[in-house]
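Residue numbers (the numbering used here), protein chains in the order written: chain A, 1 to 230; chain B, 1 to 255.
If you're looking for bench data, these hints aren't it; they were derived computationally from the structure. Keep in mind that the hints are not guaranteed to be accurate.
[Said to hold, decoys possible] Pairs of lysine-lysine residues, derived as DSS-like cross-links and limited to a Cα-Cα distance of at most 27 Å, are as follows:
{"id": "1", "chain 1": "A", "residue 1": "166", "chain 2": "A", "residue 2": "31"}
{"id": "2", "chain 1": "B", "residue 1": "78", "chain 2": "A", "residue 2": "54"}
{"id": "3", "chain 1": "A", "residue 1": "228", "chain 2": "B", "residue 2": "101"}
[Said to hold, decoys possible] The following label-pair restraints were derived from C-beta to C-beta distances:
{"id": "4", "chain 1": "A", "residue 1": "52", "chain 2": "B", "residue 2": "22", "range": "28 to 34 Å"}
{"id": "5", "chain 1": "A", "residue 1": "120", "chain 2": "B", "residue 2": "59", "range": "16 to 22 Å"}
{"id": "6", "chain 1": "A", "residue 1": "218", "chain 2": "B", "residue 2": "21", "range": "51 to 57 Å"}
{"id": "7", "chain 1": "A", "residue 1": "218", "chain 2": "B", "residue 2": "20", "range": "46 to 52 Å"}
{"id": "8", "chain 1": "A", "residue 1": "214", "chain 2": "B", "residue 2": "115", "range": "45 to 51 Å"}
{"id": "9", "chain 1": "A", "residue 1": "206", "chain 2": "B", "residue 2": "59", "range": "54 to 60 Å"}
{"id": "10", "chain 1": "A", "residue 1": "67", "chain 2": "B", "residue 2": "61", "range": "35 to 41 Å"}
{"id": "11", "chain 1": "A", "residue 1": "42", "chain 2": "B", "residue 2": "61", "range": "32 to 38 Å"}
{"id": "12", "chain 1": "B", "residue 1": "195", "chain 2": "A", "residue 2": "52", "range": "39 to 45 Å"}
{"id": "13", "chain 1": "A", "residue 1": "120", "chain 2": "B", "residue 2": "64", "range": "30 to 36 Å"}
{"id": "14", "chain 1": "B", "residue 1": "21", "chain 2": "A", "residue 2": "65", "range": "30 to 36 Å"}
[To be verified] Pulled from the structure, derived: some chain B residues nowhere near chain A, Cβ distances all over 12 Å:
{"id": "15", "residue": "27"}
{"id": "16", "residue": "31"}
{"id": "17", "residue": "66"}
{"id": "18", "residue": "76"}
Ideal Cβ placement from N, Cα and C applies to all residues, glycine included.
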Amino acid sequence: MFSYVKDLGIDVLFKGHNFLRLMGGLLVTLKISLISIAISVVLGLAFGILMQKKNIAVRVVSRIYIDFIRIMPQLVLLFIVYFGSTRAFRINLTGELSAIIVFSLWGIAEMGEIVRGSLSSVSNHQYESAEALGLSRLQTFIYVILPQSLRRIIPISINLITRMIKTTSLVLMIGVVEMIKVAQQIIEANRMLSKNAAFGVYLVVFILYFLICWPISVLSMKLEKRWKQC
Amino acid sequence: MLDENKKEVILEISHLHKKYDENFAIKDLSLKLHKREVVVLVGSSGCGKSTLLRCINLLEDVQGGEIKLCGETISNRKSNLSEIRQKIGMVFQNYELFPHKNVLDNIILAPIKVQKRKKEEVIEDAKVLLKRVGLEGKAYSMPSQLSGGQKQRVAIVRALCMNPEILLFDEVTASLDPEMTREVLEVILELADMGKTMLVVTHEMQFARAVADRIVFMDEGSIIEATIPEDFFESPNSEKVKAFLDTFTYKQKRK
Chain A
1 MFSYVKDLGI
11 DVLFKGHNFL
21 RLMGGLLVTL
31 KISLISIAIS
41 VVLGLAFGIL
51 MQKKNIAVRV
61 VSRIYIDFIR
71 IMPQLVLLFI
81 VYFGSTRAFR
91 INLTGELSAI
101 IVFSLWGIAE
111 MGEIVRGSLS
121 SVSNHQYESA
131 EALGLSRLQT
141 FIYVILPQSL
151 RRIIPISINL
161 ITRMIKTTSL
171 VLMIGVVEMI
181 KVAQQIIEAN
191 RMLSKNAAFG
201 VYLVVFILYF
211 LICWPISVLS
221 MKLEKRWKQC
Chain B
1 MLDENKKEVI
11 LEISHLHKKY
21 DENFAIKDLS
31 LKLHKREVVV
41 LVGSSGCGKS
51 TLLRCINLLE
61 DVQGGEIKLC
71 GETISNRKSN
81 LSEIRQKIGM
91 VFQNYELFPH
101 KNVLDNIILA
111 PIKVQKRKKE
121 EVIEDAKVLL
131 KRVGLEGKAY
141 SMPSQLSGGQ
151 KQRVAIVRAL
161 CMNPEILLFD
171 EVTASLDPEM
181 TREVLEVILE
191 LADMGKTMLV
201 VTHEMQFARA
211 VADRIVFMDE
221 GSIIEATIPE
231 DFFESPNSEK
241 VKAFLDTFTY
251 KQKRK
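Given the sequences, and given the hints that come with them, work out the whole structure.
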């Protein structure tokens, strides 16, 4: 049994503090993801509502922002913020902070698009019925439009959230020691002793990502199914 | 037709003009509705009937003339719209219930949030009204579980629950099949018997005849004829009304 574990190369994780270190890396991954997601959800909602405005300046600026963020690979954005900010603004951002900035910028743009799309998919008749009943604009938004939109927003944005969690793996490129970076370090250190370490350690990394993202996407499917009925 | 309790004027429209870009949708239209009176608006599509209702409910600006509700000028008001709309109950052609709320919550939303009435009291009212339209068993159903006719009856109850001064019906049976049309129209007939003041746009001529105190025929944004149902159907004055009524009968036989 033990030899089987050795062949997979998982044994290195049981040496010293290796497994704890990997969990530490996981915490860094989760910290960056969760903070960015929280910022994206709150500001993305506001951004989406703002984009409903017919003001041309608002439209142009938000369009440019969204397109810029979408066209740029996240890695390039990370490099621009992490390395560029030091040169351009003479501020020294830590890798984690740069990562949170980049992922929030990305999340706000994507979230804003989701919110805008969902809001505008609510039919005009809903606004008119609510207004005809004497509801104010704010009341119409809070009691009629937003609840209907949220049923569309939540399942799609959960998809965005899992994408954001997965993509945080890129931050190892700006020197942040997150889960994959720790995994690499463990593999490197045990290269001579355990030839299969790469397979075993990455397998565990895979399982950890899966354990985080899978429940989230199951939740999204369940919500979608439940809300489809109404 | 005007007995004593019908003298109080609820709605007074005088010389109303409504333009979309350069085209007149309503031209110099004047109309009075007394308390407890039921006026049915008829006319071919695009004659301005629905636009008139939308103007009354302040969903549209007007370019001339004025609309008075209970003596107060309401046309082109920019503030306190809510206060006026509470007095006007409107039911649209498309069943516009709020799909995320059940029947009861659809009905009680506005009375609670807009009129700030007590929830228990509104629920009681709502249940009485639901019973009256034969939907007492559907209070906790979602709109998606209702038929078109049931949805429209709920929409009527939702408007009624605000205790409006006047009810506006905009082709509420246009997208319903005949049986459902009947159940909705019966509800409206009952409201007429209860003495509600109503302005009804419909294409159902039999129903118009049954429910109306007065029939108003519109064409190209103006009133062509306004008279009691018997005269309108039996001896119309204008050629346009005759032509319109002819569209509902088939004189030609197959060869």
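A quick look at each hint next to the structure:
1. A:166 / A:31: 13 Å, holds
2. B:78 / A:54: Answer holds: residue 78 (chain B) to residue 54 (chain A) is near 19 Å, not above 27 Å.
3. A:228 / B:101: 13 Å, holds
4. A:52 / B:22: 28 to 34 Å: The hint (28 to 34 Å, Cβ to Cβ) holds, given that residue 52 (chain A) and residue 22 (chain B) are roughly 30 Å apart.
5. A:120 / B:59: 16 to 22 Å: For residue 120 (chain A) and residue 59 (chain B) the Cβ distance comes to about 19 Å; the hint holds.
6. A:218 / B:21: 51 to 57 Å: Holds, at about 53 Å.
7. A:218 / B:20: 46 to 52 Å: For residue 20 (chain B) against residue 218 (chain A), whose Cβ atoms are near 51 Å apart, the range 46 to 52 Å holds.
8. A:214 / B:115: 45 to 51 Å: Taking Cβ atoms as reference, residue 214 (chain A) and residue 115 (chain B) lie about 48 Å apart, which means the hint holds.
9. A:206 / B:59: 54 to 60 Å: At roughly 57 Å between Cβ atoms, residue 59 (chain B) and residue 206 (chain A) fall inside 54 to 60 Å, so the hint holds.
10. A:67 / B:61: 35 to 41 Å: 36 Å, holds
11. A:42 / B:61: 32 to 38 Å: 37 Å Cβ-Cβ, so the 32 to 38 Å window holds.
12. B:195 / A:52: 39 to 45 Å: 43 Å, holds
13. A:120 / B:64: 30 to 36 Å: Holds, since residue 120 (chain A) and residue 64 (chain B) (Cβ atoms, about 33 Å apart) stay within the stated range.
14. B:21 / A:65: 30 to 36 Å: 35 Å, holds
15. 27: Residue 27 (chain B) is indeed farther than 12 Å from all Cβ atoms of chain A, at 24 Å.
16. 31: 20 Å, holds
17. 66: With a cut-off of 12 Å, residue 66 (chain B) remains clear of chain A, as the shortest Cβ separation is near 20 Å.
18. 76: Holds, since 16 Å exceeds 12 Å.
Consistency note: the structure conflicts with none of the earlier hints.
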